[in-house]
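Trainee: Quick mapping for you: the protein sequence lines, in order, are chains A and B.
Be aware that the first sequence starts at 1, since it is given in the working numbering, and climbs by one per residue.
Be aware that the second sequence starts at 216, since it is given in the working numbering, and climbs by one per residue.
Since the hints were made in silico from the structure, they are not lab data.
Here a beta-carbon is modelled for each residue, glycine too, at the ideal position from N, C-alpha and C.
Be a bit skeptical, because a hint or two may be false.
[As the list claims (entries may be wrong)] Some chain B residues flagged as far from chain A (calculated, every beta-carbon gap over 12 Å):
id: 1; residue: L231
id: 2; residue: H244
id: 3; residue: L327
id: 4; residue: L339
[What the hints assert, rightly or not] Derived contacts from chain B toward chain A, CB cut-off under 8 Å, selection only:
id: 5; residue: G247
id: 6; residue: C252
id: 7; residue: G271
id: 8; residue: I272
id: 9; residue: I273
id: 10; residue: L281
id: 11; residue: A288
id: 12; residue: D298
id: 13; residue: F325
id: 14; residue: I326
id: 15; residue: Y330
id: 16; residue: Q332
id: 17; residue: L336
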Amino acid sequence: MYKAIPWIVFVVVVVAVVGGVVYMAKQSPREPRAEETYPITVAADDWVVGPADAPLTLVEYSDFQCPACASYHPLVKQVLAEFASSTRFVYRNYPLAQHKNAKIAAYMAGAAGLQGKFFAMHDLIFQKQTEWSESSTPETLFLQYAQTIGLDLNKLKADLTSPVVQQKVDGDVKSGNSYGVNSTPSFYLNGKKLQNPAGYEAFKALLIAELVRAR
Amino acid sequence: MKIPTWFLGSSAVLALIGFIDATYLTVEHYLGLVPPCTITQGCEQVTTSSYSLLFGIIPVALLGALFYVGALALLLWLWDRRDPLLFKLYARYTWLGLLAAIYFTSIQAFILKAYCQYCLLSALTSTILFLLAQYLVYRTPKQHVEISADSTTT
Chain A
1 MYKAIPWIVF VVVVVAVVGG VVYMAKQSPR EPRAEETYPI TVAADDWVVG
51 PADAPLTLVE YSDFQCPACA SYHPLVKQVL AEFASSTRFV YRNYPLAQHK
101 NAKIAAYMAG AAGLQGKFFA MHDLIFQKQT EWSESSTPET LFLQYAQTIG
151 LDLNKLKADL TSPVVQQKVD GDVKSGNSYG VNSTPSFYLN GKKLQNPAGY
201 EAFKALLIAE LVRAR
Chain B
216 MKIPTWFLGS SAVLALIGFI DATYLTVEHY LGLVPPCTIT QGCEQVTTSS
266 YSLLFGIIPV ALLGALFYVG ALALLLWLWD RRDPLLFKLY ARYTWLGLLA
316 AIYFTSIQAF ILKAYCQYCL LSALTSTILF LLAQYLVYRT PKQHVEISAD
366 STTT
């Protein structure tokens, strides 16, 4: 029985350290990181869902090949479903250099957008991320997805290389850089850069807080 | 196997320091705060970078804290029973800390070009833990580590 004493001490020490650190950190009268606000305006060529006069505008700079972005995808959908009438959501591209297939995914979604199905394609691309991420022929897979949502594949292929589609992606990256995007996903709520919320409840809380503030 | 008390004591102290440090970074992360930087300048940049999160959601500081708890548990176990195989396990375990130290310090130096003093402290403690363990491996005569069938060699 006495053999257990060192282990009990060990557990007590670990718990004490964690408790002590939490206590001290909370006591510390520091300001939380200042919220950076940017004058983000929604443009005519943006991919938007939600009412134009909504009190909340949520902009996401995202990379289709980034795993974190894929994990935020269902979260965003859930939040948008719940706050549908008060939120306008804007998706902007920010493909990271280390993701080889990110740009083509972005062009695909943009091309699908020219046929009025941007978000349907965007959803499929995120849902099937693990399928195409490391593929050396992602385009083939994307065309398969496109077929399931009734897109005109020939037009899609042609639009992949259209300057309209490609310049939109480049333009998104440029605007992202001017708004301090340095990782994906980056969320801006009414221009304020968010610390990526830890889960649904946290996300919801941010939106509610902004709704109250913007009233 | 002979495991000197100075080894266990100093390793435990280092692991405890590392644990407190990593716990502090983890707690700060979850509180949405940035640890104050007094020695280096890049604390905010480093701790809010995408490299500070695994899969975009798990703070690496939490993994560090768990690493140190594991180290402390192994050291306590070694204090309890001086088992050569257990020591071998511990010596190998410290490699995790070394590799993490190299990886995260490199990211600060070459990619972010910013340093977080708390992160550097953890890199230091895990590196010294590694060095101490390897030193003891080096100093331990082979026959104490391997299960020797020939009893006349002792």
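Trainee: Work down the list of hints and note, for each, if the structure agrees.
Mentor: Comparing the hints with the structure gives:
Under the 12 Å C-beta cut-off, the non-interface status given to L231/B relative to chain A is violated; the minimum distance is some 8 Å. At the 12 Å boundary, the C-beta of H244/B falls inside the reach of chain A, the nearest C-beta of that chain being 10 Å off. Non-interface status of L327/B relative to chain A is broken: a Cβ of that chain comes within 12 Å, the nearest being about 10 Å off. Once the 12 Å rule is applied to beta carbons, L339/B is consistent with being away from chain A; the minimum gap is 19 Å.
Checking G247/B against chain A: minimum C-beta separation of about 5 Å stays under 8 Å; hint holds. For C252/B, the shortest C-beta to C-beta distance to chain A is roughly 11 Å, which exceeds 8 Å, and the interface hint is violated. Look at G271/B: its Cβ gets to within about 2 Å of chain A, closer than 8 Å, so that hint holds up. Residue-level restraint check for I272/B holds (minimum Cβ-Cβ distance to chain A is 7 Å; threshold 8 Å).
Because the beta carbon of I273/B sits about 10 Å from the nearest beta carbon in chain A, more than 8 Å, this interface hint is broken. Annotation: L281/B was flagged as interfacial toward chain A, and the flag is violated, the nearest CB pair being 11 Å apart, outside 8 Å. Interface restraint check for A288/B: the shortest CB-CB distance to chain A comes to about 7 Å, inside 8 Å, so the restraint holds. For D298/B, the shortest C-beta to C-beta distance to chain A is roughly 15 Å, which exceeds 8 Å, and the interface hint is violated.
Because the closest C-beta pair between F325/B and chain A is about 14 Å apart, greater than 8 Å, the hint is violated. Annotation: interface hint on I326/B violated; nearest CB of chain A at approximately 11 Å, more than 8 Å. Because the smallest distance between the Cβ of Y330/B and any Cβ of chain A comes to about 17 Å, over 8 Å, the interface hint for this residue is violated. Hint status for Q332/B: violated, given a least beta-carbon distance of 16 Å to chain A, over 8 Å.
Interface hint at L336/B: violated, since its Cβ lies 14 Å from the closest Cβ of chain A, which is beyond the 8 Å cut-off.
Hints 1, 2, 3, 6, 9, 10, 12, 13, 14, 15, 16, 17, counting from the list given before, are not met by this structure.
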